[in-house]
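J.: First residue of the sequence shown: 13, per this note's numbering; consecutive thereafter.
The set of hints was computed from the structure by calculation and includes no laboratory data.
Heads up, a few of these hints could be off.
[Stated by the list, open to error] Here are the simulated lysine to any residue pairs, SDA-like style, with alpha carbons at most 20 Å apart:
id	residue 1	residue 2
1	Lys-52	Asn-27
2	Lys-35	Leu-25
3	Lys-52	Glu-22
4	Lys-52	Leu-23
5	Lys-19	Phe-69
6	Lys-19	Ile-30
7	Lys-52	Ile-21
8	Lys-19	Ser-50
9	Lys-52	Ile-20
10	Lys-35	Ile-21
11	Lys-19	Phe-62
12	Lys-19	Gln-68
13	Lys-29	Ile-60
14	Lys-19	Phe-58
15	Lys-52	Gln-68
16	Lys-26	Leu-38
17	Lys-52	Tyr-28
18	Lys-29	Lys-19
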Amino acid sequence: MNMKSAKIIELELKNYKIFNELKINLDQCNVFVGPNSSGKSSIVEFLIFFREFIGQFSGKANSYYDNADFR
Numbered sequence: 013m014n015m016k017s018a019k020i021i022e023l024e025l026k027n028y029k030i031f032n033e034l035k036i037n038l039d040q041c042n043v044f045v046g047p048n049s050s051g052k053s054s055i056v057e058f059l060i061f062f063r064e065f066i067g068q069f070s071g072k073a074n075s076y077y078d079n080a081d082f083r
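Take these sequences, add in the hints, and give me the full structure.
T.: Here you go:
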């Protein structure tokens, strides 16, 4: 599989941070809106973690993440 053409179309989290169970469909561009402490940052942090995890197998395990980038 060509990793450049892969994309996440659905995200399902169970027992991750504040989420007992979360299932969302993702599109080309996504905006997470909600009150403070509703889990927006947790979703983004998971997606960054997943990207870095996959990057370890494709030889692209560089971390460009800074917590200040999206807060």
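J.: State for each hint whether it applies.
T.: Comparing the hints with the structure gives:
no. : hint            : result
1   : Lys-52 - Asn-27 : holds (15 Å)
2   : Lys-35 - Leu-25 : holds (6 Å)
3   : Lys-52 - Glu-22 : holds (16 Å)
4   : Lys-52 - Leu-23 : holds (13 Å)
5   : Lys-19 - Phe-69 : holds (16 Å)
6   : Lys-19 - Ile-30 : violated (25 Å)
7   : Lys-52 - Ile-21 : holds (17 Å)
8   : Lys-19 - Ser-50 : violated (25 Å)
9   : Lys-52 - Ile-20 : holds (17 Å)
10  : Lys-35 - Ile-21 : holds (11 Å)
11  : Lys-19 - Phe-62 : holds (12 Å)
12  : Lys-19 - Gln-68 : holds (17 Å)
13  : Lys-29 - Ile-60 : holds (15 Å)
14  : Lys-19 - Phe-58 : holds (15 Å)
15  : Lys-52 - Gln-68 : violated (25 Å)
16  : Lys-26 - Leu-38 : holds (17 Å)
17  : Lys-52 - Tyr-28 : holds (12 Å)
18  : Lys-29 - Lys-19 : violated (24 Å)
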